[in-house]
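Student: Following the hints, complete the assembly by docking chain B onto the known chain A.
Protein chains in written order, with this note's numbering: chain A, 1 to 346; chain B, 1001 to 1292.
Hints were generated in silico from the structure; no laboratory data involved.
It is possible that some hints are incorrect.
[Said to hold, decoys possible] Computed footprint of chain B on chain A, listed as stretches where at least three residues anywhere in the stretch have a Cβ under 8 angstroms from a Cβ of chain B:
#1 69 to 81
#2 116 to 124
#3 127 to 134
[Stated by the list, open to error] Here are some chain A residues pointing at chain B (derived, C-beta under 10 angstroms):
#4 H163
#5 D167
#6 P194
#7 G196
#8 Q254
#9 A257
#10 F261
#11 A293
#12 L299
#13 I304
#14 F306
Quick caveat: nothing in here was measured; it's all calculated off a predicted structure.
By construction, the Cβ of each residue, glycine as well, lies at the ideal position given by its N, Cα and C atoms.
Okay, here's what each chain looks like letter by letter:
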Amino acid sequence: MTQAIETEAARYAVRRWSRLSRISLTAVGAVVLALALVPLALSTYATEQLTQLLILVILAAMWNALAGYGGLISIGQQAFLGFGAYATIVLTQRGVPPYLAIALAALAAGGLAAPVSILVLRLRGGQFAIGMWVVAEVLALLIALIPSVGGGTGVSLTGLNVHAPADRQAYTYWLTLGFAVGLLGLVFAVLRSPAGAALQAIRDDEAAAASLGVRVEASKRLVFVLAAFGCGAAGALTLANTLFIQPRSIFGVQWTAYMIFMVLVGGLGSFEGPLLGAVAFFAIQHWFAHLGAWYLIGLGLTAIGFALVLPRGIWGWLEHRLDLRLFPLGHRLERTERTGAPPERS
Amino acid sequence: MTWVNVVVQGVLLGAVYALFACGLSLMFGVMRIINLAHGDLAVVGAYLVWLVADKAHVSPFVALIAALPVMLIAGYILHVALLGRSLRGGPLVPLLTTFGLAIAIQNTLQEAFSPDVRSLGAAAGWIATASWRISGGLAISWFGVLILAVAVAVLGGLDWFLRRTGLGREMRATAQDPDAARLVGIDARAVYARATAIAVATAALAGAFLAIRSTFEPLSGPTQLIFAFEAVVIGGFGSLWGTLFGGIVLGVAQTIGGHIDPQYSMLAGHLVFLAVLASPRGRTLAARSAWT
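Excised from the complex, chain A in its bound form (with noise of 0.2 angstroms):
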């Protein structure tokens, strides 16, 4: 009897690659190569062009990681974009370097967030969601009582004119990739640790991987702090991006409302989801953002239809129809045929 049961299991084996995976990560690597060229080859338009859409591809990534596996829906993340934004100024106001200054205020969102943490993680479900855009206002309206760093009307990078313009978008371009790159990686690195496992259970049922031993508020917390650091990151490159920033556009909650749509559309939970989320939402925002009113309309119903019948997003639904992972995150369960045929890939 038990000897029949080992030849049934050795018939299977659990499988974190796949012949795809590998293929996948293998263009990753070319696609981020030929990413890195971009400035050479192409117009300071296009690139400006670029680093608002590798932003919003951090933006997607640091939603998602909150949303998607800590189960924290958050509409006050434009507190870390508007506290990175005003860090940058802060800093190179006392001398740092703009692009240093850029590096240490992402790690000071994240070192925010810390004690922010504490305080809206005791807040469940929707009131963390309303929780944490108080805490955005909060934020805000200190920063407008700042005169240093022009009050209510805004102020300006000055730091960066030691540049050439074109030199200088391609600097603010590498540095974009290389935060995109590096916090995609590290949510991919969370991802397949112990800690993505504990993740995902929550993702999946908080309460079942609570009693299966899981530190739910040790987790959520983790991915509470990665998500600050890329939003502070995506706040003050967009700073370099724009140069000029008003506490009432970089705190304002519109953030959240591209965040929601990216994640949503492209596949909340998932890895791949909300990359192909950003690349869809640059392309809407580049065709109709001139509509105004009818722009925003479309992207409130379009999430609500989402949200609704396709809640795992587009790649959700690719997923679940074609059985397909670009990259090994999860681990599957494959017949391996001792005798005959090699074996069956799906």
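Tutor: Using the frame of chain A, we list chain B on its own:
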């Protein structure tokens, strides 16, 4: 005497917030969802009142009486068409749906009514401006007292409805355990739709009062949502009288902050909210949400 005036004005302001908050509190208590479009639905109510008052040349108070049943029905339909469906998708979907709804409502209002700031104060006539002058530094506006009276009546009425009527008992039973409620023959969907209808109507009432008291525009909703939420948290989830208390604390904090420097008005309110969250009471905030 100035400080007495500041506190009195804060109490009157807090009554508006309590009125905004009671629908939010009701929906959270019954369905465990926070409607992120709550403030925007209140603004829709204000525009509806403005529209009726403008087209029919009647006082905003008359227009309000016509608008409330409309909003009651709109709330019922909103639940049947949207929220009920989203509730079946797990805890995250209602949040995403109502956020999308909020964006859609704000921009539809901008498209339909232009981003202009409006007020119903002038149309409301003498009642919006009259006040009792107690002494040099203290004046109590009639309209402020009217709002306070209405807030107490609405919150008290809801409390009585939940405790003393059959429909209210069904609502509390469904809030405590929807499955057990279904076993004894309660239709949870109908209960939820009724709760949403009441919440939307009270939001519209609050929106109209805000429009008469000060100003409104298509993007006024989010701020009111935040204030309503803060009032609920300060007062404690699951208690309607607590919500009234929370609204008043928030209003007083804002007027005291604003009296020191107008820039501190909103900040002071947010800080009271964060202080409540940081207090030992905040630790158990999320858990203490059941209606009894």
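Student: So, for every hint listed, does it hold in this structure?
Tutor: Here is how each hint holds up against the structure:
{"no.": "1", "hint": "69 to 81", "in the structure": "holds (count 3)"}
{"no.": "2", "hint": "116 to 124", "in the structure": "holds (count 5)"}
{"no.": "3", "hint": "127 to 134", "in the structure": "holds (count 6)"}
{"no.": "4", "hint": "H163", "in the structure": "violated (37 angstroms)"}
{"no.": "5", "hint": "D167", "in the structure": "violated (38 angstroms)"}
{"no.": "6", "hint": "P194", "in the structure": "violated (24 angstroms)"}
{"no.": "7", "hint": "G196", "in the structure": "violated (19 angstroms)"}
{"no.": "8", "hint": "Q254", "in the structure": "holds (9 angstroms)"}
{"no.": "9", "hint": "A257", "in the structure": "holds (5 angstroms)"}
{"no.": "10", "hint": "F261", "in the structure": "holds (8 angstroms)"}
{"no.": "11", "hint": "A293", "in the structure": "holds (4 angstroms)"}
{"no.": "12", "hint": "L299", "in the structure": "holds (6 angstroms)"}
{"no.": "13", "hint": "I304", "in the structure": "holds (4 angstroms)"}
{"no.": "14", "hint": "F306", "in the structure": "holds (8 angstroms)"}
When held up to the earlier numbered hints, the structure conflicts with 4, 5, 6, 7 and fits the remainder.
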